[in-house]
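Residue numbers (our numbering), protein chains in the order written: chain A, 1 to 258; chain B, 259 to 319.
Among the hints, a few may not be true.
[Stated by the list, open to error] Only pairs whose alpha carbons sit at most 20 Å apart, straight line, appear in this in silico DMTMM-like list of lysine to aspartate or glutamate: (1) Lys-145/A / Asp-274/B; (2) Lys-264/B / Asp-112/A; (3) Lys-99/A / Glu-153/A; (4) Lys-145/A / Glu-131/A; (5) Lys-99/A / Glu-131/A; (6) Lys-264/B / Asp-274/B; (7) Lys-99/A / Asp-273/B; (8) Lys-254/A / Asp-229/A; (9) Lys-99/A / Asp-112/A; (10) Lys-145/A / Asp-268/B; (11) Lys-254/A / Asp-268/B; (12) Lys-99/A / Glu-113/A.
[As the list claims (entries may be wrong)] Ranges between beta-carbon positions, derived for each pair: (13) Leu-290/B / Leu-244/A: 39 to 49 Å; (14) Val-130/A / Ala-263/B: 25 to 35 Å; (15) Ser-240/A / Thr-294/B: 26 to 36 Å; (16) Gly-79/A / Leu-304/B: 53 to 63 Å; (17) Ser-240/A / Ile-270/B: 36 to 46 Å; (18) Ala-57/A / Arg-319/B: 24 to 34 Å.
Hints are computed from structural coordinates only; laboratory data are not their basis. The beta-carbon is built from N, C-alpha and C at its ideal position, and this holds for glycine as well.
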Amino acid sequence: MQGALRGRDRGALLLTDVFLVLSAFLASAVETVEALTIVLAMGLTRGWRSTLVGAGAATLALAAIVAALGPALTVIPIGTLRLVVGGLLLVFGLQWLRKAILRASGWRAVRDEDAVFARERAEAANAPHVERAGLDWYAFTVSFKGVLLEGLEVAFIVLTFGSTQGSIPLAALGAGAAIVLVVLAGILVREPLGRVPENTLAFAVGVMLTTFGIFWGAEGAGVEWPGGDAALLGVLAFVSLISLGFVTTLRRRKLAFA
Amino acid sequence: MRRFAKFWWDFIVGDDWRVAVGIVIAFGLTALLATTSIPAWWVLPLAVAAVLWLSLYRVAR
């Protein structure tokens with residue numbers, strides 16, 4: 001796949017690599033903050049051993065998914081890969097963008113990490129203690145499911161975004177850096193990271209996934225972009241502008257309804 | 259099996275299936291135009307703007 005990319009402009013490749021790492025980093029940061037809230041609630045309420053075993057098992061499962069599917073994706077011809085994966089990336093990215101626009105304009109509630117934390121702690125405190133395989137099964141399963149479900153979105157972005165650009169390890173690096181950073185912050189403050197501007201990060205991720213979905217997907221469908229790889233910046237500007245425009249319009253509409 | 263399929267549907271397609279349908283149609287149109295002498299690069303950006311706005315408007319009307 002690197003061979004297919006060899007003909008591309010070096011500057012454009014550097015630019016797309018930066019976007020690749022940034023997108024994976026930001027998406028991973030958002031999802032890790034959400035997973036951390038669940039893990040912290042379980043750990044502080046039910047004890048750390050079973051909670052951390054659950055989180056660790058989910059992390060291993062996610063790493064196995066990326067390691068197994070990554071090489072499989074690299075054998076698909078680049079044109080087909082960009083059409084199929086670019087399409088998936090676009091549909092998936094539009095989900096992120098749609099949610100972020102609705103939240104930014106007040107049409108959907110912004111996720112409140114402190115409220116989620118309090119709810120998870122209350123549920124954990126009332127759940128019965130069942131021991132399986134020497135573990136508190138409630139803490140293990142909630143922690144496992146929380147990390148696995150939040151992490152699946154990151155794994156999907158790493159695989160789709162990484163494979164269309166021929167650099168899954170680079171995407172994994174961006175995602176891994178965010179996980180380390182957020183977990184370290186969580187260990188330091190020992191409470192949910194409620195001050196992280198999750199929706200702003202999600203908005204940026206949505207814009208980038210949508211931009212690359214359009215760019216790679218169109219190339220896969222046989223399009224030649226005017227200006228070659230430089231058109232990527234044009235697509236990015238277009239997606240950013242319409243998204244910000246939609247936020248402004250919907251915010252005004254919300255105020256008019258109020 | 260049904261729950262597995264539903265999970266992946268929710269995961270990839272999400273709240274509004276019309277967005278996915280719109281994008282699939284736009285891809286088809288792009289591929290079709292790409293085989294002619296008419297430029298096809300404008301179809302997807304325009305389709306994204308349209309399906310996104312329609313999807314948002316459905317919530318905010």
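Consistency of the hints with the structure:
1. Lys-145/A / Asp-274/B: Answer violated: Lys-145/A to Asp-274/B is near 25 Å, above 20 Å.
2. Lys-264/B / Asp-112/A: 26 Å, violated
3. Lys-99/A / Glu-153/A: 14 Å, holds
4. Lys-145/A / Glu-131/A: 17 Å, holds
5. Lys-99/A / Glu-131/A: Violated, at about 39 Å.
6. Lys-264/B / Asp-274/B: Holds: Lys-264/B and Asp-274/B sit about 14 Å apart, inside 20 Å.
7. Lys-99/A / Asp-273/B: Holds: Lys-99/A and Asp-273/B sit about 9 Å apart, inside 20 Å.
8. Lys-254/A / Asp-229/A: 38 Å, violated
9. Lys-99/A / Asp-112/A: 15 Å, holds
10. Lys-145/A / Asp-268/B: With Cα atoms ~16 Å apart, Lys-145/A and Asp-268/B stay inside 20 Å; holds.
11. Lys-254/A / Asp-268/B: 27 Å, violated
12. Lys-99/A / Glu-113/A: Since the Cα atoms of Lys-99/A and Glu-113/A sit roughly 17 Å apart, the hinted pair holds (cutoff 20 Å).
13. Leu-290/B / Leu-244/A: 39 to 49 Å: 31 Å, violated
14. Val-130/A / Ala-263/B: 25 to 35 Å: 30 Å, holds
15. Ser-240/A / Thr-294/B: 26 to 36 Å: At 30 Å between Cβs, range holds.
16. Gly-79/A / Leu-304/B: 53 to 63 Å: 23 Å, violated
17. Ser-240/A / Ile-270/B: 36 to 46 Å: Cβ of Ser-240/A to Cβ of Ile-270/B: about 24 Å, so the range 36 to 46 Å is violated.
18. Ala-57/A / Arg-319/B: 24 to 34 Å: For Arg-319/B against Ala-57/A, whose Cβ atoms are near 45 Å apart, the range 24 to 34 Å is violated.
In this structure, the hints that do not hold are numbers 1, 2, 5, 8, 11, 13, 16, 17 and 18, in rising order.
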